[in-house]
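K.L.:
When you get a sec, could you build the whole thing from the sequences and use the hints?
Mapping the sequence shown onto this note's numbering, position 138 (from 1) lands on 145, and the numbers just tick up by one.
Worth flagging that the hints you see were computed from the coordinates, not collected in a lab.
Don't take every hint at face value.
The calculated label-pair distances, taken between Cβ atoms and stated as ranges, are [to be verified]:
| no. | residue 1 | residue 2 | range |
| --- | --- | --- | --- |
| 1 | A119 | L19 | 36 to 46 Å |
| 2 | F84 | L187 | 35 to 45 Å |
| 3 | Y14 | T146 | 38 to 48 Å |
| 4 | D111 | I176 | 23 to 33 Å |
| 5 | P83 | I165 | 45 to 55 Å |
| 6 | P116 | E58 | 36 to 46 Å |
| 7 | F189 | T158 | 30 to 40 Å |
| 8 | F190 | E55 | 34 to 44 Å |
Ideal Cβ positions, reconstructed from N, Cα and C, are used throughout, including at glycine.
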Amino acid sequence: MSDNIPYLPYLLSAFIGIGLAAASGFRVFLPMFAVSLASYLHWIPMSEHFEWLAGLPTLITTGIATIVEILAYYIPFIDHLLDTISVPMATVAGSVLFASQFTDLGTFPQWALALIAGGGTAATISSGFAGLRAASTATTGGLGNSVVGTTETAGAGIMAFLAMAAPVIAAVCAVILIVLIFFFGRKAWRKLKKRKILLKRLK
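P.N.:
Below you can see the structure in the form of structure tokens.
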């Protein structure tokens with residue numbers, strides 16, 4: 008099948024990479040743990056350049072980091088601290104996971120594409136949910152943040168699974184998410200700014 012369709016392997020790699028990058032936008036370590044576990048159990052292949060992802064040390068490290076990250080988002084002060092570093096961390100994680108799917112391109116095009124497509128996707132989704140959490144904090148006093156956190160964790164798990172099991176669907180979902188974030192994110196930030204301006208005037 009792949010012999011009859013030009014560049015099909017690259018397209019599938021792109022779909023998988025976009026899906027994993029999108030998952031990294033929700034949670035940084037959960038997608039890396041999922042990929043590490045799947046490759047460690049030989050459910051998915053892993054190239055020699057990224058064999059470290061399939062190693063037991065990476066599996067244990069990302070597993071612990073995943074648990075800590077998930078629990079940390081339910082602690083009010085810590086979740087705000089994580090929001091300040093989540094976007095750059097998600098960008099790095101998304102870039103690495105995307106690059107792991109394109110080892111045949113050459114170093115420069117591989118990482119350039121990974122940074123633009125993988126890192127860009129992860130950063131957009133991460134910043135979108137950081138904005139959603141900020142809006143939640145402003146409107147609910149932080150009470151709604153646990154709902155946002157649970158949604159992010161579920162999103163990371165679902166996207167990571169889809170990226171490996173149904174990459175085309177994962178890529179489509181990632182594109183839809185990015186569009187929704189751009190559309191609704193702008194509205195949310197405008198409302199938040201208006202709220203801040205109104206509060207300043209009342210003071």
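K.L.:
Look at each hint and say if it fits the structure.
P.N.:
Against the structure, the hints come out as follows:
{"no.": "1", "hint": "A119 with L19: 36 to 46 Å", "result": "violated, 20 Å"}
{"no.": "2", "hint": "F84 with L187: 35 to 45 Å", "result": "violated, 29 Å"}
{"no.": "3", "hint": "Y14 with T146: 38 to 48 Å", "result": "holds, 46 Å"}
{"no.": "4", "hint": "D111 with I176: 23 to 33 Å", "result": "holds, 24 Å"}
{"no.": "5", "hint": "P83 with I165: 45 to 55 Å", "result": "violated, 26 Å"}
{"no.": "6", "hint": "P116 with E58: 36 to 46 Å", "result": "violated, 21 Å"}
{"no.": "7", "hint": "F189 with T158: 30 to 40 Å", "result": "violated, 18 Å"}
{"no.": "8", "hint": "F190 with E55: 34 to 44 Å", "result": "holds, 42 Å"}
Figure legend: structure checked against the earlier numbered hints; hints not met, in rising order: 1, 2, 5, 6, 7.
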